[in-house]
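Asker: Construct the complete structure from the given sequences, taking the supplied hints into account.
So the chains spell out like this:
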Amino acid sequence: DAKTTQPPSMDCAEGRAANLPCNHSTISGNEYVYWYRQIHSQGPQYIIHGLKNNETNEMASLIITEDRKSSTLILPHATLRDTAVYYCIVAAYSGGGADGLTFGKGTHLIIQP
Amino acid sequence: DVKVTQSSRYLVKRTGEKVFLECVQDMDHENMFWYRQDPGLGLRLIYFSYDVKMKEKGDIPEGYSVSREKKERFSLILESASTNQTSMYLCASSFQGAEGYTFGSGTRLTVV
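Chains as they are written, first to last, in this note's numbering: chain H, 412 to 524; chain U, 9 to 120.
Read the hints as simulated data drawn from the structure, not as lab findings.
None of these values were measured; they are calculated from a predicted model.
We put the beta carbon where it would ideally sit given N, CA and C, even for glycine.
Each hint should be verified, as a subset may be incorrect.
[Stated by the list, open to error] So the derived list for chain H, only partly shown, Cβ under 7 Å to chain U, looks like this:
#	residue
1	G440
2	G511
3	F514
Answerer: Take a look at the structure:
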């Protein structure tokens, strides 16, 4: 799997949009960008994924650059409950997710009241 | 909702003991995984299984073994626990694609 680079920590004010960047300059053509988050004392939770088009769901939006070398996860109206470590992961869609995901160190997002 | 249940939230064991960490999922997922998480090192894959009685080594399998006798249950075994195996252990299962991972809440193991 390609490696990703994320800032170790970020702050965001409650109610504002949180924009979390991720660099994945060695991503392959068949690899997707996945985002998970881990709230303190819990296991990681899936947020969103994409290949090359921008994606949106009820939790977040994912913006992938045209060259696919970087992406941004957007939490549109951050709340205190969004304080967590956010992981950007690049992986091929294996059809079964059978090989295990490689988690980096992620970004610790702290939402300030 | 898919649930992945880990049998213990906290566990304290002595050096040299044989330790079993149990994980059960209730959604008929084919794939199951064991990770450990340590400060500054993130999550690291220990073992995974894509079918009953099948197992594959992850990135750090040394000192561990696994058992998958039934589809819903995946056990991690520390044959002889050591203090460097003190860690948070996370179990996960998946159905399809890397977006389908569901994690348990973790077992914090302390080996003394």
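Asker: For the hint on G440 of chain H, just tell me whether its beta-carbon gets within less than 7 Å of chain U.
Answerer: Given a least distance of 16 Å, the restraint on G440 of chain H is violated.
Asker: Closer than 7 Å between Cβ atoms is the bar; does G511 of chain H clear it against chain U? Give me holds or violated.
Answerer: G511 of chain H check passes; min Cβ-Cβ to chain U is 4 Å, inside 7 Å.
Asker: Does the closest beta carbon of chain U sit nearer than 7 Å to the beta carbon of F514 of chain H?
Answerer: holds (4 Å)
Taken one by one, the earlier hints fail for this structure only at number 1.
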